[in-house]
Amino acid sequence: MNTNNTIGLLGSFRAEIYKYKRTMALWLVVLAPLIIALLMTLVYYFRADKILTTDVGSMGRYLDDSVSLASGFFYSFYLILLTVLIHQVEHKAQALKDLFSYPVSYFNTYTAKWLSAFAMIMTTLSLYVFFSVLGVGVIAARYPNLMSWSSGALWVFVKQVTLVGVASMFLLGIQFVVAMRWSNVILAFGLGIVGFISAVVVMQGWEHAHWHPYALGNLVYYALSGKIQVSVSHFVTYSMVGLLITYLVGYVMWFKRRIV
Amino acid sequence: MDTQRSIIDTPNLNFAIGRTTILKDVNLEVPKGSIYGFLGPNGAGKSTLIRLLLNLYPVEEGKIFLFGNDVTTSRVGILKRLGRYVEHPSLYQHLTGHENLRLAQKYYNVPSERVGEVLDIVGMTEFRHRKVKAYSLGMRQRIAIGQALLHDPELLILDEPTNGLDPSGIKEIRELLVRLNREHGKTIFISSHLLSEIEKMCTHVGVIHQGAVLYQGPLEGMDRQAAGKRLLVKVGNVEHALKLIAQQGLEATHNLNATLEIPITENAQVAAINRHLVQEGIDVYELHQQDHNLEEVFMSLTNTTNS
Chain F
1 MNTNNTIGLL GSFRAEIYKY KRTMALWLVV LAPLIIALLM TLVYYFRADK ILTTDVGSMG
61 RYLDDSVSLA SGFFYSFYLI LLTVLIHQVE HKAQALKDLF SYPVSYFNTY TAKWLSAFAM
121 IMTTLSLYVF FSVLGVGVIA ARYPNLMSWS SGALWVFVKQ VTLVGVASMF LLGIQFVVAM
181 RWSNVILAFG LGIVGFISAV VVMQGWEHAH WHPYALGNLV YYALSGKIQV SVSHFVTYSM
241 VGLLITYLVG YVMWFKRRIV
Chain E
261 MDTQRSIIDT PNLNFAIGRT TILKDVNLEV PKGSIYGFLG PNGAGKSTLI RLLLNLYPVE
321 EGKIFLFGND VTTSRVGILK RLGRYVEHPS LYQHLTGHEN LRLAQKYYNV PSERVGEVLD
381 IVGMTEFRHR KVKAYSLGMR QRIAIGQALL HDPELLILDE PTNGLDPSGI KEIRELLVRL
441 NREHGKTIFI SSHLLSEIEK MCTHVGVIHQ GAVLYQGPLE GMDRQAAGKR LLVKVGNVEH
501 ALKLIAQQGL EATHNLNATL EIPITENAQV AAINRHLVQE GIDVYELHQQ DHNLEEVFMS
561 LTNTTNS
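If you're matching them up, the sequences are chains F and E in order. The first sequence lines up with residues 1 to 260 when you count with my numbering. The second sequence lines up with residues 261 to 567 when you count with my numbering.
The hints are simulated quantities; they were obtained by calculation from the structure and are not laboratory data. It is possible that some hints are incorrect.
Claimed, not checked - Cross-link-like lysine-lysine pairs, in silico, BS3-like; alpha carbons within 25 angstroms at most:
| # | chain 1 | residue 1 | chain 2 | residue 2 |
| --- | --- | --- | --- | --- |
| 1 | F | 97 | E | 366 |
| 2 | F | 92 | E | 366 |
| 3 | F | 21 | F | 92 |
| 4 | E | 323 | F | 92 |
| 5 | F | 21 | F | 97 |
| 6 | F | 256 | E | 323 |
| 7 | E | 340 | F | 97 |
| 8 | E | 460 | E | 292 |
| 9 | E | 391 | E | 366 |
| 10 | F | 256 | E | 391 |
Because the structure is a prediction, the values reported are computed rather than measured.
Take these sequences, add in the hints, and give me the full structure.
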């Protein structure tokens, strides 16, 4: 990539991030991890004495319960909602004709959109880890005998969160492309909900459920916990290949688009 | 340094969507330094041509050269040198006018100080911190034109920038464009169906109808090409005068004020008509030569095609 291209990509990325100022997409980035961490904190704040019996492994248990909740339902919906909100900013302003007539290559404007989505997701996941650790602190203050700090538990948690994030990239790719191509919110949401429900159904016992793009985030958590016998690397590889394919399909759509 | 005279050149440009032909053999030539008015009724193909110039549609048949470069192979380089406004302002409503310009400034990679300069040029400094959703249409249009000016382009391509504005808004935009042309040396390509606006500000005109360019060239050459001039003659005896005019092989019409309207092609006819009428005893009270206005010429051109 030459210097001009790098400058074009950086400028596009900065513009993408700037346009989400005061939007629901940006609020979602902050509020989603806050809500999950807050829910967990509230549950343990009032019921930790019934859930935990000793402080041994308590932080690991707390964080594992949190990631179980997040990976099962919330994270999929977060991605579905985020992709819709990101692209609705463009659709609502009918700004594609402007975006396509800036002196920036199609590759840069397109890739900048992906990068801004990745940046938002990484921010959400980082905030989720941060808020969860704060939650541990709150519970430890309330129940000093039942909650103790464990660096090992934190690293397991970070690994879980990272792998759930990576394994959900195929889902992200599908939702991103659909929300980008069609301005109809119902279509993107509808597809997301159908994908999510079908994933829940196949996870009930279908032996090939680990090939369902919308089930990967949830199943990688099970694989990490040893609840299913599928290698973690399958989820990472399959999801990244899916992401690459959706990225390329999206690029062809972007490049071939006629701006009416 | 560019040495080409035409800043936009579209040799043998054709375009169709499905089986519908939108543009037929369009050979546009826009001189550098001009304000080129691109006139045509709704559906004539103006917006399609502008989208082709900006490479928003792929060129299928023919070529498009801007600044002497092919738009399909030098897209980014060309877009760096032009500013555009396509059909209506596409602004982010949740951002202020200033923020919308800041956003465009990042795409154009120009210093942020340029935003303030542009706000001054388009007269929006006072309202820069209001959200766009609180703006009137005219204010939005000015911010959108400001976006087009951010990187100080040599060429402005504007698709109906006065659409939907009230007369004072139209006047403001017109004055802004004339100032940009005269004081900042911008070449301006502006499409419109408002003939009177084109007439007031453009140096060159192109008329498109049903996808074909019927005329292009200097504004003053258009009336000569189309319908010439007319002579208004106020006379005493209208019926007799009409007969005398007919004897000279001319077709005259008259209105209730006893004024004859006679199409002419040259000044010598004025003297000849006057002489003939006076010699035949007709009282001539007033002689007035009038150019056809652009609207009449435009109607004449487009009606010729329809028939």
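The hints, checked one at a time:
no., hint, result
1, F:97 / E:366, "17 angstroms, holds"
2, F:92 / E:366, "21 angstroms, holds"
3, F:21 / F:92, "15 angstroms, holds"
4, E:323 / F:92, "33 angstroms, violated"
5, F:21 / F:97, "21 angstroms, holds"
6, F:256 / E:323, "19 angstroms, holds"
7, E:340 / F:97, "16 angstroms, holds"
8, E:460 / E:292, "19 angstroms, holds"
9, E:391 / E:366, "19 angstroms, holds"
10, F:256 / E:391, "33 angstroms, violated"
Against the hints set out earlier in the document, violations occur for numbers 4, 10.
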